[in-house]
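Engineer: These protein sequences, in sequence, are chains S, B and P. Position 35, counted from 1, in the first sequence is what the UniProt record's numbering calls 35; the numbers after and before it change by one each time, with no gaps. Position 20, counted from 1, in the second sequence is what the UniProt record's numbering calls 20; the numbers after and before it change by one each time, with no gaps. Position 212, counted from 1, in the third sequence is what the UniProt record's numbering calls 212; the numbers after and before it change by one each time, with no gaps.
Derived by calculation from the structure, the hints in this document are not laboratory data. Treat the hints loosely; a few may be bogus.
Intra- or inter-copy, both count: the list cannot distinguish identical chains.
[Unchecked claim] Distance condition first, Cα-Cα at most 30 Å in a straight line; then the derived BS3-like pairs of lysine-lysine:
id : residue 1 : residue 2
1  : K117      : K16
2  : K148      : K83
3  : K117      : K167
4  : K243      : K134
5  : K148      : K242
6  : K148      : K15
7  : K148      : K16
8  : K134      : K8
9  : K103      : K16
10 : K16       : K167
11 : K264      : K134
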Amino acid sequence: MSIIEDSKEIFENIKKVRPVMHNISNIVTANDCANITLACGGSPTMADDPDEVEDITAVCNGFVLNMGNTGGFMVETMLRAGKKSNEVNHPTVLDPVGAGAAKRRNQVLETLLNEIKFSVIRGNVSEIKFAGSKTSGAKGVDAAEGDKVTEENLDEMIAYAKNISEKLGSVIAMSGAIDIVADKNTAYVIRNGHSMMSDITGTGCMLSSVVGVFISANPDNILKATAVALSAYRLAGELAYKKTMEMDGYTSTLRMNLIDYMGKMNAEMFQGGAKIEVR
Amino acid sequence: MSIIEDSKEIFENIKKVRPVMHNISNIVTANDCANITLACGGSPTMADDPDEVEDITAVCNGFVLNMGNTGGFMVETMLRAGKKSNEVNHPTVLDPVGAGAAKRRNQVLETLLNEIKFSVIRGNVSEIKFAGSKTSGAKGVDAAEGDKVTEENLDEMIAYAKNISEKLGSVIAMSGAIDIVADKNTAYVIRNGHSMMSDITGTGCMLSSVVGVFISANPDNILKATAVALSAYRLAGELAYKKTMEMDGYTSTLRMNLIDYMGKMNAEMFQGGAKIEVR
Amino acid sequence: MSIIEDSKEIFENIKKVRPVMHNISNIVTANDCANITLACGGSPTMADDPDEVEDITAVCNGFVLNMGNTGGFMVETMLRAGKKSNEVNHPTVLDPVGAGAAKRRNQVLETLLNEIKFSVIRGNVSEIKFAGSKTSGAKGVDAAEGDKVTEENLDEMIAYAKNISEKLGSVIAMSGAIDIVADKNTAYVIRNGHSMMSDITGTGCMLSSVVGVFISANPDNILKATAVALSAYRLAGELAYKKTMEMDGYTSTLRMNLIDYMGKMNAEMFQGGAKIEVR
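Looking at chain S on its own, in the form it has when it is part of the complex (with noise of 0.2 Å):
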């Protein structure tokens, strides 16, 4: 079946599970991220305390850990709520903010790559770069000028892509302008979405989210629930822009509309607006 003719049971999942996530957030978008993960059908829950994660990640559908606030005990926080979501086979996210910007944070990173394995790796394409292959040329949380995939590009990053998934044993979802989201074997290519949402912040943070809510209710499809995620979140995207341009609001406008269009969202609405390539 193609991806398209999936989505329909990818998002039936949703409705009949509604998935109790647990995130790690971060202090910058936690309260968006809370909203859109109940948005998209789930139920989040976010504790911060590393004595009660594990309790917590058990009794949850799927964990998302945004490795955005690592000060203080939030990297023993995130090692036990990781580990626990492996022992307890959950659907685990990893979105790996701001890697490259900072040697204590790839630190932090690296022991996370180690300890804990996820099933989608999601970041911008310095961020998925650096946790691939130590290099990018990020300046804080946005990808940098030169890290970007590109009609020209296109070819190479979806090799690259594929291969970090290999090497990682990840799902990898590299999302920009044009996403790209790979096993060792298989691209989707999404082409959705609307230059404005890098307008607002933590459109990468509540990527993440969403991806954690379609996978951890479609644990057995992870690189298809990843893939209509990704092409989802960017759909509502560009009906929010159009409903934005209509209200003649901007960014902020923006960022109510796409929270609102991820709750409208359905398989039909999908299916009428997702432009997703297979390679």
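Model the placement of chains B and P on the given structure of chain S, informed by the hints.
Structural biologist: Here is chains B and P on its own, set in the frame of chain S:
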């Protein structure tokens, strides 16, 4: 006087006092809690440093303790702020976020209940059950499926709330599709609200902050002020839902409209829509 | 050239540089600060880990230090980031949130003022008074009743701001119904804005982030860039208020529209609405 007649004075007192509220919050909902505190007529202050919370609590008019983040020094922060609030006789609200979800969190709750006297405990049914009887079926921060107030179990839940109130010495505000606010003698049953409110993160946290404002401006009328706070908040949700549908919006638009309607709320609007039954 | 003529270049420089901004923020307003940084043309990065903030500060274009959360390792984080920012000569903003409200916070402020050189200190009148003279009547994070700039005390407050600027060696941005931006010789008095802005949490925090973007793209013109930032932000508030009323919204709608209008703001819109007097 009936609670509806009383409400006029309750709203007037908020305008008169404009209570300065110390909130210990969490990284997910702090911003929403601060904004709704402002909207309903308070002035929010949110400190986390254990070495300053006594000073800050002392100069405020009331204190709301949300136990959403218990990592690191936060329990010390909670205890120092709570004890100071008791010492200076300020109205004090506990929101036992996620009670029942993890052993560590339950221990924190027990410590808080032992060390601090709360004017009001505001939680969903699972959280209140855990605070009162150490039992609940909660997974994460949402109430468990079986933990709800319905027309069928209403008598039983009212008796339960009165019982817990007597046991803990606090007004109990148990929120859900039907809300119950009770002390040991009297219960108010509130039938306002819209189901979509539960698709926004932090509707519980925000409600606890609203209760804080209402009781801190009405310290001699805590039971009724709490019931008015819950009914007003749910009514704001009803009005917000109606406007959201007119705007063709969804959950994120609802969040905005909810805060807006708490800002517009006054005795007249309240009296036109409140559905409160005394039991 | 007048500041209004200068503003064209100030806005152009932001477009040219697109400054990457390191913000140390707090759990209440971090998301809003990041979004408004993006809206006015910067790229936000918010690290909290003391072991990475030097690396991250160094690759940015400027640094905004909001002292809203001082618990645990945060003071170390602030000091390491601030010293690095000074070392690499980046424009550096201090927001002394809640100065005067607690002994501990005042000690933190004193340490920051002793150890870090700030290009701009942006606060409400109470906070600036405390930073400058160790006196204020503040309760919590809002300015005390008596601490405001009015047409009656304007001469006195201008002299005070110039005096504090000379004493502390920083441009002073004192915000309220009337804003004053001053160095030791020159003051700009800004009469833009709408009173409803103070019913949104974080309007001060967001403004400090906006100042950061403006001065980091205009490091050779810090006094004027700060005055333009304040006037532009207040003007965005006026336009946002107007649209909010048209939408039949209230404070939460205003927050959204405020960020939207900072995104739409440009030299032309600014020159059509700025009300800045040189003194």
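Engineer: Does each hint hold? Answer for all of them.
Structural biologist: How the hints compare with the structure:
1. Taking the shortest Cα distances, K117 and K16 sit within 30 Å of each other inside one copy (26 Å), while across copies they are farther apart (42 Å).
2. Neither within a single protomer nor between protomers do K148 and K83 lie at most 30 Å apart by alpha-carbon distance, with minima of 32 Å and 33 Å respectively.
3. For a Cα distance limit of 30 Å, the shortest separation of K117 from K167 inside one copy, 12 Å, qualifies, whereas the shortest one across copies, 47 Å, does not.
4. For the identical chains of this complex, K243 and K134 are neighbours neither inside a copy (40 Å) nor across copies (48 Å), given an alpha-carbon limit of 30 Å.
5. When the C-alpha separation of K148 and K242 is checked against a cutoff of 30 Å, the pair qualifies only within one copy, where the shortest distance is 25 Å, while the shortest distance between copies is 40 Å.
6. Taking the shortest alpha-carbon separations for K148 and K15, only the inter-copy value of 21 Å comes in at or below 30 Å, while the best intra-copy value is 34 Å.
7. For the homomeric pair K148 and K16, the shortest alpha-carbon distance between copies (20 Å) is at most 30 Å, but the shortest distance inside one copy (37 Å) is not.
8. Within a single copy, K134 and K8 get their C-alpha atoms no closer than 38 Å, and across copies no closer than 41 Å, so neither meets the 30 Å cut-off.
9. Proximity of K103 and K16 under a CA criterion of 30 Å is satisfied inter-copy only: 29 Å between copies versus 43 Å inside one chain copy.
10. With identical chains, the CA atoms of K16 and K167 are never at most 30 Å apart, being 34 Å at best within one copy and 39 Å at best between copies.
11. Neither within a single protomer nor between protomers do K264 and K134 lie at most 30 Å apart by alpha-carbon distance, with minima of 39 Å and 38 Å respectively.
The structure fails to meet hints 2, 4, 8, 10, 11 from the earlier list, while all remaining hints are met.
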